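**Student:** Be aware that the sequence shown starts at 61, since it is given in this note's numbering, and climbs by one per residue.
Please keep in mind that the hints were generated in silico from the structure rather than gathered at the bench.
Just so it is clear, the structure is predicted and the values come from calculations on it, not from any experiment.
There may be inaccurate statements among the hints.
[Said to hold, decoys possible] Derived Cβ-Cβ restraints for the label pairs, each shown as a range:
hint, residue 1, residue 2, range
1, GLU78, GLU103, 33 to 43 Å
2, ALA83, LEU131, 48 to 58 Å
3, GLY139, ALA119, 46 to 56 Å
4, LEU106, ILE61, 41 to 51 Å
5, ALA119, ASP85, 39 to 49 Å
6, LYS93, ASP113, 57 to 67 Å
7, ILE73, MET94, 46 to 56 Å
Where a beta carbon is used, it is the ideal one built from N, C-alpha and C, also for glycine.
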Amino acid sequence: IATKICEKLPTIIDQSYEYMTEALDMENTIREKMKALTPEEFEGVLHPAFEEDEITLIAVGAILGLIVGVLQLFTLFAGQSGCPTT
Numbered sequence: 061i062a063t064k065i066c067e068k069l070p071t072i073i074d075q076s077y078e079y080m081t082e083a084l085d086m087e088n089t090i091r092e093k094m095k096a097l098t099p100e101e102f103e104g105v106l107h108p109a110f111e112e113d114e115i116t117l118i119a120v121g122a123i124l125g126l127i128v129g130v131l132q133l134f135t136l137f138a139g140q141s142g143c144p145t146t
């Protein structure tokens, strides 16, 4: 019996996956539930997912902001000598 089950298992899993996907309609259910959330509730759902990487995200954002700021400084004031006068 176990051998027959092992032989048929790959086809059973494929069929059950298709059935579960269709029967539960998870994609649309999740989409509808997420649309119904308020912004605060939506943040509450996402925050735990990013919480452990929050410091890394802040640090990367700070570094990218610094790089863009320095590039912008050199681009805007390239060729000017001294400080602009008022």
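**Student:** Does each hint fit the structure? Answer for all of them.
**Tutor:** Consistency of the hints with the structure:
For GLU78 and GLU103, the Cβ-Cβ distance of about 35 Å falls inside the hinted range of 33 to 43 Å, so the restraint holds. Between ALA83 and LEU131, the C-beta spacing of about 54 Å keeps the proposed range 48 to 58 Å intact. At roughly 33 Å, the beta carbons of GLY139 and ALA119 sit outside the given window of 46 to 56 Å. The hint said 41 to 51 Å for the Cβ distance between LEU106 and ILE61, and at roughly 47 Å that hint holds.
Checked against the hint of 39 to 49 Å, the C-beta distance between ALA119 and ASP85 comes to roughly 40 Å, which is consistent with it. For the pair LYS93 and ASP113, the beta carbons lie near 24 Å from each other, so the given range of 57 to 67 Å is not met. For the hinted restraint 46 to 56 Å between ILE73 and MET94, the CB-CB distance of approximately 28 Å leaves it violated.
Violated hints, in rising order: 3, 6 and 7; the structure is consistent with all others.
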